[in-house]
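Trainee: Chains as they are written, first to last, in UniProt numbering: chain F, 1 to 288; chain R, 1 to 248; chain B, 1 to 269.
None of these hints come from the bench; they were simulated from the model.
One should not assume that every hint holds.
[What the hints assert, rightly or not] No farther apart than 25 Å at their CA atoms in a straight line, the calculated lysine to aspartate or glutamate pairs in the DMTMM-like style are these:
no., chain 1, residue 1, chain 2, residue 2
1, B, Lys252, R, Asp199
2, B, Lys172, B, Glu93
3, R, Lys238, B, Asp214
4, R, Lys238, B, Glu145
5, B, Lys195, R, Glu38
6, B, Lys195, R, Asp199
7, R, Lys99, F, Asp177
8, R, Lys99, R, Asp69
9, R, Lys238, B, Glu131
10, R, Lys185, B, Glu266
11, R, Lys238, B, Glu127
12, F, Lys171, R, Asp8
[Unchecked claim] Pulled from the structure, derived: some chain F residues nowhere near chain R, Cβ distances all over 12 Å:
no., residue
13, Thr53
14, Phe110
15, Leu137
16, Ser185
17, Ala255
What you are looking at is a predicted structure, and each value in this text was computed from that prediction instead of being measured.
For glycine and all other residues, C-beta sits at the position ideal for the given N, C-alpha and C.
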Amino acid sequence: MSAADELTPAVVTAARKPRWSPTFTIGLILVGIHVAIALLTLFWTPYDPTSTTGGRLEPPSFIHWAGTDRLGRDFFTQIMIGSRIALIVGAGAVAIGAAIGVTIGLLAAFATRFLDDALAATLDILIAFPTLLLAMLVVAASEGASLWSAILALGIAMSAIVARLTRILAKRVLQNDYITASRTSGTSWPGVVVRHVLPNIWPTLSVNFALQFGIAVIAESSLSYLGLGAPPPNASWGRLLQEAQGTVYTAPIGAIAPGIALVTLVIGINLLADGLRDIGDPTRRISR
Amino acid sequence: MTLLDVRDVTFGYGRQRQVLHGVSFAVKKGVSVGLVGESGSGKTTILRLLLGLTKPTGGTINFGGSVLDPSSRGFMRDYRRSVQAVFQDPYSSLDPRQKVRDIISEPLQSLRIPGAHGEAVAAALDAVGLPADAINRYPHEFSGGQRQRIAIARAIVARPQLVLADEAVSALDLSTRIRIVDLFKRLSENMTLVFVSHDLGVVASLCEEIIILERGHIVESGNTREILDAPQHPYTQKLLQSVPRMPR
Amino acid sequence: MTPLLSVDGLTLKTGDKTLVSDLSFSLGAGERMGLIGESGSGKSLTAMAVTGLLPKSIVPAGSILLDGQQVVGTLERTLNGLRGSSVAVVFQEPLTALDPLMKIGTQVAGPLGRRLAREGKSPPRREVDREVLQFLDHVALPQPERIANSYPHEISGGQRQRVAIAMALACKPKLLIADEPTTALDVTTQAEILKLLDSLVRELGMALLFISHDLPVVATVVDRVTVLRNGRAVEEGPVKAVFDQPRHDYTKTLVEAARSFDNALEGTA
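Just chain F, same shape as in the assembly (with noise of 0.2 Å):
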């Protein structure tokens, strides 16, 4: 066996091309149908939405595609409005879980063996409680219910999911030779957790903010169909189907629209959140 031949480029098996699977393009296109529209509604919406353009409770027609609600408001334009909502709560609640969860998950994962405890410890029983239960507490606790309240809600009950994953993940992650190896080239702690620990925690992260968005969105769906989320005119999906729900025999579009909606960004983002564990892997791609 020659030098060269240690040399020849080595073990590419685990090396796979990335998969852009069909699900993965699924995903992409519903969540960028909803982008699409959630960015269109800052320009335009098909009628205004808080004015009364027709009769009340019509039937989808050629100039209400989703007929009205039982103001007379064009219920599309609604629907449409949802899409940003639905969006801003979602990426909201993720941004601060994120911001939350995982500072509180690296400091446990480096702390002292008694604070670890404590932390996990509390993070275990806030995990126990719903997170709508707990959104809905925190919803109570603050000054009336508006968007805002619902998306610290939602951030703050989703952080301690987010706080645990990330203790674990970070913990296994500094196992490895390589952080020795990072502390004995000089590294501070905080280089190595910028430098080891965020990219290597990064790829299962970035799969569960994307499952907690989805969960956002219904969470808040459901805060609303309580009356505790965004309250009008903020036309949220779970507003459209409570107030839908008087009527969802005579007029079952109210019922079935917002549904839908919501039904495809959720699985969308979760067929997002599939594929996006492929991507990013290093372990995945073949650099040339």
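Assemble the complex: chain F is given as a structure, and chains R and B must be docked to it using the hints.
Mentor: For chains R and B alone, kept in the frame of chain F given last:
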């Protein structure tokens, strides 16, 4: 000139689990030392102490005239510049998400060493016998031996005086191992090597001096050749007899 | 006389990748052979193929005749009878080879009970327990009663490997496969385990297929070796002939490397 002076160092977890019992030895500049022992001998603990990852429970480690103190930032900055390490498992010791360039240049960046980092990385790659275009690849694209070369390049890129190697060839195949041993041999002409290993054959081919450890005690130490030719301590004798040999 | 194990044109593939190609060797009753190879040589896969324990993703072709039974393409149920009676395996990592939640005595009693059942005996529990202690004693474990009552984590790595050997011996197999059985052990423990394996195999007249990357280790326990590289046999012959006058370049590299460490120890480098 003495680089490292280990004086009466003890280490333990509580009173029951004493890992090191008063260990003393010196590492002289340019004289490579092999720390040999089996599991439970305390050789890994000594290495962790020398790397400043743990504090001894008793005794002192002196480097260049001052005491190694892991909590002193100023001292550790200088110490890390002078002392670098290579670990056993070439799969665990390289961050899978970093390119080879970032892996090798980490000591230069973290120790804020002035100068052209790109050139230093290229020189280190050349010294370990890897092609220059390796910098844009990820660790998983390399074999075990090549990965260990990358780890060695990281250890030498900041031109330390001392390199501590922890079983650095044990995980490698025989045909690869002999070449990495040769690489260490070549590098030890320019820097001092402390080689921790259970493998007497590897230490014998690399180190001028040898320290034999058994359950936290140094049972024998001195010139490698002399000790291997005439081991005095029964444990050294047993160890030497246990090494399987090729049929004559 | 037909050999105990005869591997003929064995090829192992996964997808379009060939892991072992056209490997042939045979082993007579009581013979001891070494399979030498580095990582990726296919040596462990070959051992798994012989016991019929290949992962589903790996497709075998060719023929493996073990004790008169074709292994390639044979039903799992038939192979199960073969394992234990014809072949037993000792693995590299004694900690993962033993069930961490089961006492040593119970673990050894498992294969022992199956063998006794195979022989048509159903001795009372007390007698099985006594035989377990005999086996533990046989592999030179001190205080067999204490060991039998311990869990795997309570004993040392060397002792665990002795237990694994005792379990293999309890089957009284015609062929013992040892897959890197000493790689995870300390040097002094390795020497003891090798000595033990050597004497037991001789005493019980078992055939031994010893798989290792370590040339001197292989040389201490076997008579013949086959050198594998990237799934192909590059050289085969008696230990002394292969190690003294290797013909293939790869074998030469390995032998030279092993000798250079020997020479460093002897001071003849």
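Trainee: Taking the hints in turn, state whether each one holds.
Mentor: Right, here's what the structure says about each hint:
no.	hint	verdict
1	B:Lys252 with R:Asp199	holds, 22 Å
2	B:Lys172 with B:Glu93	holds, 22 Å
3	R:Lys238 with B:Asp214	holds, 20 Å
4	R:Lys238 with B:Glu145	violated, 29 Å
5	B:Lys195 with R:Glu38	holds, 19 Å
6	B:Lys195 with R:Asp199	holds, 19 Å
7	R:Lys99 with F:Asp177	holds, 17 Å
8	R:Lys99 with R:Asp69	violated, 32 Å
9	R:Lys238 with B:Glu131	violated, 33 Å
10	R:Lys185 with B:Glu266	holds, 18 Å
11	R:Lys238 with B:Glu127	violated, 39 Å
12	F:Lys171 with R:Asp8	violated, 34 Å
13	Thr53	holds, 54 Å
14	Phe110	holds, 15 Å
15	Leu137	holds, 39 Å
16	Ser185	violated, 4 Å
17	Ala255	holds, 46 Å
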